[in-house]
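There are 2 protein chains.
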Amino acid sequence: MNTLYEKKLFESCQILKDRNVIIALSGGKDSVSLLHFFKENQSVIGVNSFVACHINHHIRENSDADAMFCKKLCEEWGVKFYLFDIYVYDYVKNYNMSIEEAGRILRYEKLYFLLKELNYDFILTAHHKDDLIENFFIRVFRGTPIYNLSGFNIDEKIFRPLIDIEREEIEYYVNFFKIPFVEDITNRDERYLRNWIRNRILKEIKSYNKGFYNNIERLINESKELKNYLDKKVSLDYEITNFNFVSFELEKFNKLENYEKRYFLMNLLLRYIKAEKKYVDELIKIIQKKTSKRINLPNNFLFEKSISRCYLFKNEYLKSFEIVKDYGETEIVVKHLGKIVTFDNDMINKKLIVRNRRKGDKFKGKKLKDIFIDKKIDLIIRDTAILVEENGNIIWAEHISKEGPIKIKKIGRGL
Amino acid sequence: MNTLYEKKLFESCQILKDRNVIIALSGGKDSVSLLHFFKENQSVIGVNSFVACHINHHIRENSDADAMFCKKLCEEWGVKFYLFDIYVYDYVKNYNMSIEEAGRILRYEKLYFLLKELNYDFILTAHHKDDLIENFFIRVFRGTPIYNLSGFNIDEKIFRPLIDIEREEIEYYVNFFKIPFVEDITNRDERYLRNWIRNRILKEIKSYNKGFYNNIERLINESKELKNYLDKKVSLDYEITNFNFVSFELEKFNKLENYEKRYFLMNLLLRYIKAEKKYVDELIKIIQKKTSKRINLPNNFLFEKSISRCYLFKNEYLKSFEIVKDYGETEIVVKHLGKIVTFDNDMINKKLIVRNRRKGDKFKGKKLKDIFIDKKIDLIIRDTAILVEENGNIIWAEHISKEGPIKIKKIGRGL
Chain A
1 MNTLYEKKLF ESCQILKDRN VIIALSGGKD SVSLLHFFKE NQSVIGVNSF
51 VACHINHHIR ENSDADAMFC KKLCEEWGVK FYLFDIYVYD YVKNYNMSIE
101 EAGRILRYEK LYFLLKELNY DFILTAHHKD DLIENFFIRV FRGTPIYNLS
151 GFNIDEKIFR PLIDIEREEI EYYVNFFKIP FVEDITNRDE RYLRNWIRNR
201 ILKEIKSYNK GFYNNIERLI NESKELKNYL DKKVSLDYEI TNFNFVSFEL
251 EKFNKLENYE KRYFLMNLLL RYIKAEKKYV DELIKIIQKK TSKRINLPNN
301 FLFEKSISRC YLFKNEYLKS FEIVKDYGET EIVVKHLGKI VTFDNDMINK
351 KLIVRNRRKG DKFKGKKLKD IFIDKKIDLI IRDTAILVEE NGNIIWAEHI
401 SKEGPIKIKK IGRGL
Chain B
1 MNTLYEKKLF ESCQILKDRN VIIALSGGKD SVSLLHFFKE NQSVIGVNSF
51 VACHINHHIR ENSDADAMFC KKLCEEWGVK FYLFDIYVYD YVKNYNMSIE
101 EAGRILRYEK LYFLLKELNY DFILTAHHKD DLIENFFIRV FRGTPIYNLS
151 GFNIDEKIFR PLIDIEREEI EYYVNFFKIP FVEDITNRDE RYLRNWIRNR
201 ILKEIKSYNK GFYNNIERLI NESKELKNYL DKKVSLDYEI TNFNFVSFEL
251 EKFNKLENYE KRYFLMNLLL RYIKAEKKYV DELIKIIQKK TSKRINLPNN
301 FLFEKSISRC YLFKNEYLKS FEIVKDYGET EIVVKHLGKI VTFDNDMINK
351 KLIVRNRRKG DKFKGKKLKD IFIDKKIDLI IRDTAILVEE NGNIIWAEHI
401 SKEGPIKIKK IGRGL
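Respectively, the protein sequence lines represent chains A and B. For the first sequence, position 21 matches number 21 in the UniProt record's numbering, and the numbering has no gaps at all. For the second sequence, position 259 matches number 259 in the UniProt record's numbering, and the numbering has no gaps at all.
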């Protein structure tokens, strides 16, 4: 045993005895050092088997070169190698998140897939102590909520053997054994928050008092504990009716303490939009109102406080539609609402119109709106209700009319 | 109006219209700038009257010179001036706290005293935004609990008009008006955590992205909100029977969630010893035990888990004592327990011994210990129970014997 790195790793890897593990290999210093350690010490660690897995993110110019480097390194070292491709930019386009976030989601998807395929025990990542502290500061500087100061996925299948090892110890090991690695040149670019934190803030801290790392770690753990506690206290759940359409019960929400309400809303928003505190404030305000209320949020989302529930949904659900059902047709698909309208018996041979409600609609001589209100039907439910019209008259209305020859079927988790 | 400083101050001082305020004046840049602003703009601010108050901490060589500077400045500016002396080192010796903490406690004591004397409305301190951020980092690096990240006393009587103003804006104002001030030369000494944070960390942040200040501020506010929330949730109170002797009910404690238990214990410890997480862990462990248990804590404190309550107390309460009550004496004072034993009637003319219990004590033929246990009397209560002995026999025992010719009176908040 030559380095502190090895000493610490032998200790942290004790739990891997007789296990089968995947080592996530980016090709950078940290992960090649880990792979090298496993290659050199497999029998001492007592690990049953290990493989390497590289995920080509297709983000940087040298993504392909990095993948190739990893492949060759594993060939040379006699380590079984798996390669997956992910396309982060496509994902970022579809969802509103940072490249880093999208990369993480897609990367772990592949790693979990492989874990299942191989029926292995753990995914090993090369995150080390400096990463942990960097994540903390990124979150502090970006204004992350206090219960979200830890930046790592917590999962029993992910194991981070280097988490108590500092960057310098890894570098010492890599230099000592002259291990080849690829360097991410963007690592030096201080326009990236992470790099600035690494090069400036962490460097200052390390030279002033290394003990501060432990105190920050403790704070990170407290943040996790706090999150667990709050999750328990705020037992309210939101119901995900459909992708981009969620709701929760007002009565239960109103029983929460103010702090818990804010926690709940923040988590809800975090899931769908880049949530900021000001939106939480706005939502709190409109939820207190007596009347139904709808407001715009970023990312084409709307929030609605209605009679019995609150809703968060994409504005596409409010799209106007009018579809002609021709003679003989037995069903009309309203795709954006996830509904199929079916027609039986005497309805089959009619020409009808399937549409959403409009201002001034009447049904059986009464204002449709009043009927909905009398029945205490929430605003968004009214707006997405299916109406069937014949010769300019509404003859059937979802949530009002009984199902008979006209019925609604749902597609998947349709509204 | 010439500077951003003035613009911001006029805004923040609007709430002071027709009020009477004390300006805490250290003589440093920040507080002289504030005093200068008030002197120049009293009528525009609309403040009814303001005075300056300097607290001589007697900590540094130039403490007296600073006090003199403030006095002269106020004379020159025609501002009514108050001066108080505090002796921080004496206080630090008696209580286990940092000089900074002790200084704060004593300083505010004097300021509140003056506020009451003058029947004024507010104490104005010159804390500015950089102070706020410095406090945050001090707490992060020292490992303060997550619900304690704000470093300021929160009190409706204290107003901080400069809290949204940055150091550079103050400096600009002071230079612009050529205002004299005293400089604390220790401010440059980076061995002090605060100075290092100011000179290194804050400087880096300011040059990278000033917006980070707002995000950190938000985090500080979240920490305060969290504390308020937890205080509400953890409704358990500890009872302060006497200085350095506190206790709480086990039954209520056991109803708390784990997170709340830790929060409660941390706050309890913070009040009496330099609490660290490891002590909280220890206390949690012994509270779970079925039997009574006592452990040592720093600062000569003991923690006891007993039958119905838990206790935190200084070990001086366990001191052995034996006091002779001579013929004719009617009372014996047991000062360290805050108890007076009084003797009436036939007891007056007896020679008796007043003492605490000892191993093997018997009372009316039974083991004293067993009697205490049968009566479910907590350990510390047994250990501090008054026994009265005559001719080698215990004739009266507190918590067991009825009060009659022998009684216990308490001194102040005696045990």
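Because the hints were derived from the structure by calculation, they are not lab data. Don't take each hint at face value.
[Unchecked claim] For lysine-lysine, the following DSSO-like pairs were computed, each having C-alpha atoms within a straight-line distance of at most 27 Å: (1) Lys224(A) / Lys402(B); (2) Lys277(A) / Lys232(B); (3) Lys129(B) / Lys278(A); (4) Lys339(B) / Lys277(A).
Here is how each hint holds up against the structure:
1. Lys224(A) / Lys402(B): The hint is violated at about 53 Å.
2. Lys277(A) / Lys232(B): holds (22 Å)
3. Lys129(B) / Lys278(A): At roughly 21 Å apart (the allowed maximum being 27 Å), Lys278(A) and Lys129(B) satisfy the hint.
4. Lys339(B) / Lys277(A): Not OK: Lys339(B) and Lys277(A) at ~55 Å, beyond 27 Å, violated.
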